[in-house]
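Can you build the whole structure from these sequences, using the hints too?
Read off the chains here:
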Amino acid sequence: MHEVNYLRPKNLAEAVQLYRITSGCRLLAGGTDLMVMLHARTLRPEPRALLDVWSLPELKGVRRVNETLEIGAAESYTAIIRSPDVQRDLPALVAAAGTIGAAQIQNRGTLGGNLANASPAGDTLPLLLAYDAVVVTDRRSIAIDKFFTGYRKTALQSDELITAVRFPLGRQVEFRKVGTRAAQAISKVVMAVSRRPARIAIGSVAEVPLRARGAESALERNDVEGAIAAVAEDIRPIDDVRSTAAYRRAVTQNVLRQLLESVRT
Amino acid sequence: MVTTSTIGRSVPRREGAAKVTGAARYTDDLVVPGAWYGKTIRSTVPRGRIRSITLDPTFDWSRVVVVTADDIPGDNVVQLIRDDQPVLAPKGGEIRHKEEPILLLAAADRGTLEEAARHVRIDLEHLPPVYALEEATEVFTTLEISKGTVVNDLEDGVVVERTFRVGLQEQLYIEPQGAIAIPEANGAIKVIGSLQCPYYVHRALKRALKLNDQQAVVVQAETGGGFGGKEEYPSIVAVHAALLARKAGRPVRLIYDRHEDLAATTKRHPGVITHRTAVKKDGTLVSQDIEIVLDGGAYCTLTPVVLSRAAIHAAGAYSCPNVRIRARAVATNTPPNGAFRGFGAPQSLFAAELMVEHVAERLGMSSVDLRRQWMLRLGDTTATGQVLTESVGSELVLDAALKAAPHVGTSERRHVRRGRGLSLVFHGSGFTGSGEKKLQGTIGFEALADGTFRILTASTEIGQGTKTIFCQLAADALGVGLDKVVLAPQDTSLVPDSGPTVASRTAMIVGRLVQEAATEVKERLKREQAPLRVEKSYIQPDSIHWDENTYRGDAYPVYAWACTIADVDVDMTTGEVRVTDLVTAVDCGKALHPVMAEGQIEGGCLQAVGWATIEEIKMKDGGYQNDRLATYLIPTALDAPRIRTILVENPYSRGPFGAKGIGELPMDGPAPAIIAAIHDATGVWLDEIPATPEKVLAACASR
Amino acid sequence: MRFTLNGTAVSLDVVGTRRLLDVLREDLHLTGTKEGCGEGECGACSVIVDGEVVDSCLVAVGQVEGCKVITVEGLADGGRLTALQQAFIEHGAAQCGICTPGMLLAAHVLLQQAKRLSAADVREGLAGNLCRCTGYTKIIDAVLACTK
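Residue numbers (the numbering used here), protein chains in the order written: chain A, 1 to 265; chain B, 1001 to 1703; chain C, 2001 to 2148.
Mixed in with the good hints, there may be bad ones.
Claimed, not checked - Dumping the calculated BS3-like pairs for lysine-lysine here, alpha-carbon to alpha-carbon at most 25 Å:
1. B/Lys1484 - B/Lys1526
2. A/Lys10 - C/Lys2148
3. B/Lys1206 - B/Lys1437
4. B/Lys1147 - B/Lys1281
5. B/Lys1147 - B/Lys1280
6. A/Lys60 - C/Lys2068
Derived by calculation from the structure, the hints in this document are not laboratory data. Computed from a predicted structure; not experimentally measured.
Right, here's the structure in full:
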């Protein structure tokens, strides 16, 4: 019987070490993606071990670090939503986290997990782009707009471990997710918008969570109609089981208009 | 001492305590020592021929039991209506759909089973498939209902023509299909499973495994939802498990995971329905000319009966002097479609109800007023020529729903439009025409020596309340407390064939038998001593006349009625439709257990809401793209509307205390009401469900 | 590995990557927790871990080391049903019953965490538990009947 080993390091240093030296090792946090794939045996290559980082104290918590708010990579979305610091400083993150799955998923889902997974439909990922968040790993910091390198591919090295995500303060971001139903839905379009600086980040409309650069340029010039027109060219949506390219294009434009109306100028 | 009857009171569910403590045992919960695990190997092509089946010699096959069509001792046929569906596709035989079962495997543990599955190579010759209903050439069955003479034009009136489409729907019982087969002495095989109809499975086992009545034993385990999806499909699971158990000489558990269940099991028949309706300018309904085409998928299963129900309900709950309904069911190389709550009627009623809206719009009339004009009333004649002699709840439910509907405001959000729609439907209770007569459903009833009473029936509890209601009826007839009445397990070696648990018949037809048997036993106990046993079988009343050949006469013993009002919010930026409120008035004859009656209505309504809005199955190369719960979406608690049910009691003389069957009726009303509500909100008419945001947004944009 | 299950200490020798769902059902013979999908979509496998409701099909058993786990079997106090379980029976919140264990646990946590629940709160709190039988109406009624 094909058995996958369970490794549970006591602290981050041990985790980093184990991850480096164990071949065929996958990181396990909340398991909301990994455990499904493990059971269905769709992970490629098939792992030999799971390294459980869910309980590492260094990966939990919400704290101020200089002029940023830093959230541990394995902090659950529920804890993020309940954090007074996040509620005060990053209300859009509270809104976004609340659209993920439902209670059970929010209790286990993490920023670290969603970043490593790099699904183009990840609900919080456009938000990270709109905030210009920074992905902190065991060895460096990676700017979010350098993080997603291709379909479900990241800039992480093969043994690199995400430890936290840092958010700058004082930016107003508006968020909207459009899914098939009110809960437990993979998004068809998910968008985060900031006016100052001009950031328009969208998920489920390309193979990566995307910054709509053309639309951002127009927005920088305060050309709202121009931004709405340009965004249709910035994105590359497809027809898939959930929706159509035409719908995603139309809704992207409609949602952008709506969010720009809500963001203070 | 007289015990108070519980009829009309919402007593605790008989098996409720077990269900809320986790003690209830569903199929996969049962521990069977020594059981192996089974798996079905299926076709990956929608149409083809098996050239060869190879078991990779690098794998150790001594640890695995393999069953092919060659291992079937009886007929390689899934016993249903037509003998067209094989239990396993034979070598050289034609594969007609993706996921068609070819081979079965069993092993001691799941790991070995998965490994074995990876080492099976099936070489298939591809044949050109037919997917689209419009391109299908093979016809399973046709049917025509005629009354008077339809007209194609009208001098002092208008003729409105419209075509509607309805989509596939998965029953999505939260407990997937599963069966455990246990070989017993003397060649007997017992199958315990998640199922609605023990005797359907019994017949299928006898046929395929060449067993007699005693050797085949079928036991229903606690079943986690059925909705028709476990009417006929379990016969396949059971026969597969039994074949494996027979060859392995040990028990085998064949439990589907959700992906397999979604990909391979039956769905609601999709279809296209066209109406041509002639009306006078004053709204008088002159003629309805209706065509129905349903897609049966690759094999016949229960398609002729689905088509029958669709056709009989196709003219809607209305009185019309001239009706022609031409219905046909065609074959495509897609997985076979089958029973799902409503069974053809939701499909045809969807079209019938929207036609009322379109005609009303053309005439510049209110569709509610038009319904009042057209609706069937006591003494009227249906499309099959049945005179409705009693229990017609049409106007009662219409008035009750209108009265109860909440006030509609406008949305506070600028981009959201509110709308309201209404539908009026009916649904025949019990089997069609001579169906109940042919079934001759039977129950046993015993007075035991210890002063308790036992009901012996194959009617199953699948959440709808069978066990509770039967005990209520028996206790009431006997004048004893509920605690004095028990039920024998739904085990074919113990109980007679009461007919299947389908067709909105269990309370009305079988419940009535329970009542009659209990009454008889009570009488006999005045002269005799327990133990006593009686059997009661359904006897068709002389007043019911049905001609199977002309499709004319009394199609159903009685109809139940419902009026549904749906309120929707349509988000104009995304096309999303949210059903916020649903009010439904249901003429149920008599609510034997009001909470359970409401439960059936609320649950059925939400299934219809899902069918109308978010439950979509996209096909790709003859298979379903939506084959995981992440992609086949049913409403969550956050999506579900507030549902308000009004029970209207308009008794039927032959139902127990006047009760009529209502299990399927709730499926019929919401979908057309929602489409009408979307029109009310946006001015846009959709002709197709599901009314996905993609369709709504596109329709609004092109307006 | 060790954890507390329904108030009792449990010690198991199992591969840590196995799903908690499978260990509960197969090793510990607690079949109240159900598998409806294996994908974290239906909530039928919900259990409570350290006071929060999670899908046990998504939890590797090794992850509950030292945790307090509650399954549906742990709700009733020695055969005495909780007010919530009683309410489920009274209000008709269980029909086929397959979603009921998960639904009860999710509702249990909701009731514990909030002083007073509205219908909207209940809908949101139960959004991760699919029910196909009831239309949710009577489930919400039952939970509201238990809130202050």
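The hints, checked one at a time:
1. For the given pair, B/Lys1484 sits about 18 Å from B/Lys1526 by alpha-carbon distance, which is consistent with the 25 Å threshold.
2. A hinted pair counts as satisfied when its Cα atoms are at most 25 Å apart, and A/Lys10 with C/Lys2148 does not qualify at roughly 42 Å.
3. For the hint linking B/Lys1206 to B/Lys1437, the alpha-carbon distance of about 23 Å falls within 25 Å, and the restraint holds.
4. Note on B/Lys1147 and B/Lys1281: the hinted pairing holds, with a Cα-Cα distance of about 22 Å set against a maximum of 25 Å.
5. At most 25 Å may separate the alpha-carbon atoms for a hinted pair to count; B/Lys1147 and B/Lys1280 meet this at roughly 19 Å.
6. Simply put, A/Lys60 and C/Lys2068 have alpha-carbon atoms about 19 Å apart, close enough for the 25 Å limit, and the pair holds.
Taken one by one, the earlier hints fail for this structure only at number 2.
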